[in-house]
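What follows is each chain in one-letter form.
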Amino acid sequence: MAAASTLSALRSLVAARFPATERRPGNCVPTGIAAIDGALGGGLAAGELTEVISGGEGCGGQLLTALLLAGTRAARQRVALVDGADGFSPDAVPADALRHLVWVRARNPGEALAAADVLARDGNYAAIVIDLRGLAEGALRRTPDAVWLRLRRAAESRPAAILVQTEFPLVPAVARRLVLRMPRGLSHRRREQAELAAQATAEMVRGRAAAAEEMAG
Amino acid sequence: MNYAVLTVPDFALHALRRGEPGLEGRALALVTGEGRRAAISQVSAEAAGIAPGFPATLAMARCPGIVLRVRDPGAEVEAQRLLLAAAFTLAPRVEATAAGACTVDLQGAAEARTEAGMRSRIAELSAAGLPARVGAGETPFLAAWAARRAEPVLIVRDSEAFLRALPLDFAEPLPAHAEILQAWGLRTFGDLTALPKAEVGLRLGREGEALWERAAGRASRVLRLVEPARSFAAAWTYEPPVESVEPLLFKLRRFAERIALELRAAGFVAGALALTISLEDGSDHRREFRLPDPGADVDSWLRILQAHLDGLRTTARVGGARLVATPARPPVRQGGLFDTGLADPHAFWENLARLGAVVGDDRVGTPAVADTHRPDAFVLGRPAETVPPPEPAPLHPPRGLVLRRFRPPRPVGVVFTGRPAEVSGSIEGIVRAAAGPWRRSGDWWKPGAWAAETWHIELGTGEVYQLARTGAGWRVEGILD
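Protein chains in written order, with my numbering: chain A, 3 to 219; chain B, 128 to 608.
FYI, nobody ran anything at the bench for these hints, they're computed from the structure.
Cβ atoms here follow ideal geometry from the backbone N, Cα and C, with glycine treated the same way.
Some clues are possibly wrong.
Said to hold, decoys possible - These stretches of chain A come out as covered by chain B in the derived footprint (C-beta under 8 Å, 3 or more residues):
{"hint": "1", "segment": "61-69"}
{"hint": "2", "segment": "85-93"}
{"hint": "3", "segment": "102-111"}
{"hint": "4", "segment": "120-133"}
{"hint": "5", "segment": "173-182"}
{"hint": "6", "segment": "192-204"}
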């Protein structure tokens, strides 16, 4: 235990002191939310899992998906959405933002993670969104760590950036975990999405920035 | 070289083995006759100490693990079709010479390319369970004799030298002539052709002269040509019916190998595959797989078929199956300068099939909003090969948070005072603010008429929900997230 914590502390120290040495397997995929992109150093890192928690309902997770779709559409990149609770609404985003999307409508965590495993091994996607919000917490918590480890390993050898959307911290040993907060309320319904995204905040709870804060503390 | 002969030694044995799972690597022998007269006719290399002609009982005593089978005419027909398909990939003029042998007229074909093709076909046939040999020479006879000596490919370039060393029985003399030639001390073609042809003719007649001609490599014959396959299908039955996917996949691979070769021989690839599974209870399960990237790669086909079969549950055992390939012209693809197509098309389409097996084929694809105002109406289509350039930005950019749907919509109790004032049930609370209604209706001219009144409500917690009032009452359709 002591050795593990020492190793973890050493990793954090290296990450905080020498950010340039941290492994960045490839390009980033910007999410369109400045707070997230800033915290991640440009966007979702290719070949890595990034977990974004939009805890509780109505905290911007769906807007994040929509903006990611818009950004990748502009770049003509292919995106897959594993929709764990089948909540994606095609009529809620512009029709043109769907043409590069492969939507997988899962029914439960098992289906969602099995589909994610297949997609993570495919080399044709720039980004894969695994939306696990709305699924039963108990079922998600029962997911063996080995499933996530396998997914992480699969992602490492492929060019896709993998975004896992959750309502609570879920992915063990994830490279980066952020908590997304978005202005809520009916008064914002007439504001442009880009304007809303600019007001979002993203708190890094695991990763380089978190490590740096830890060190400073 | 003008002719090639493809041949499979012990053809009936190999045809049987490739058609039945579990025989690979085992000592196997074919038996003719019944009861005490049962004797071995062909025997596999694994059956050490057994030779053709052995009584079956002796074979079982000498090799306890040996599997004895009688010939399977169906398997032989299938193997012969595979062999013919391989031959047709070399040249269009092919003769089905005998069971397990076919002769190809190569006249006019480029030698280097043909030789590479022959080696490639031999490797493919071997992988498909038919250890074939190929011989090539100036005449059909020479090619056939070369095939008998091939390991596994023999191209005869110096005919005289090759013929001189061949044993006389290759030329198939009449039994009476064979005895005479034996008595004369002639053993090889060279021994015979060293004698004057006229003198041989004087003593053995016209048959003797013909034998001399063959031994000298001067004889030829006209091929009886056969037509290449016009349909690309295979059907088979299981007796007894099977319960697992393995026997089905085994047969599928065998038949797919033959169909793929037939397609290639005809200059086609498969545009679609149709699999029909006949169940024991008389019903059928049929599924068509459109191949977005048409090809004749058996492994790719099998991955798509397996992905489907792995997720298939039938109500009864499988009594038979049929596989049909729809021919299509091979695609010609040229990458564009700004092309953002698929980096690995095979992986993409195979993985889509896998995803279909995980969540269902109707739950994977690229969504498009349906041409209707009905809420949550969309279609899932086939993803595009190439991501098209984006359209100009919309005049009115998207506004507000994005709807995350609850499927199916959840019933909710609503206290309505000109607008929703309080909700209870699947969501609870006092409505702090509401926007709406947006009224929509459609299909009023037909039985499926619908109408909905949509509201957005904000609860005390700040969450914004989308409510809809229909004939069935109030539902919460989702959350603006």
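Structure-based check of each hint:
no.: 1; hint: 61-69; verdict: holds (count 7)
no.: 2; hint: 85-93; verdict: holds (count 6)
no.: 3; hint: 102-111; verdict: holds (count 8)
no.: 4; hint: 120-133; verdict: holds (count 6)
no.: 5; hint: 173-182; verdict: violated (count 0)
no.: 6; hint: 192-204; verdict: holds (count 6)
Of the numbered hints listed earlier, the single one contradicted by the structure is hint 5.
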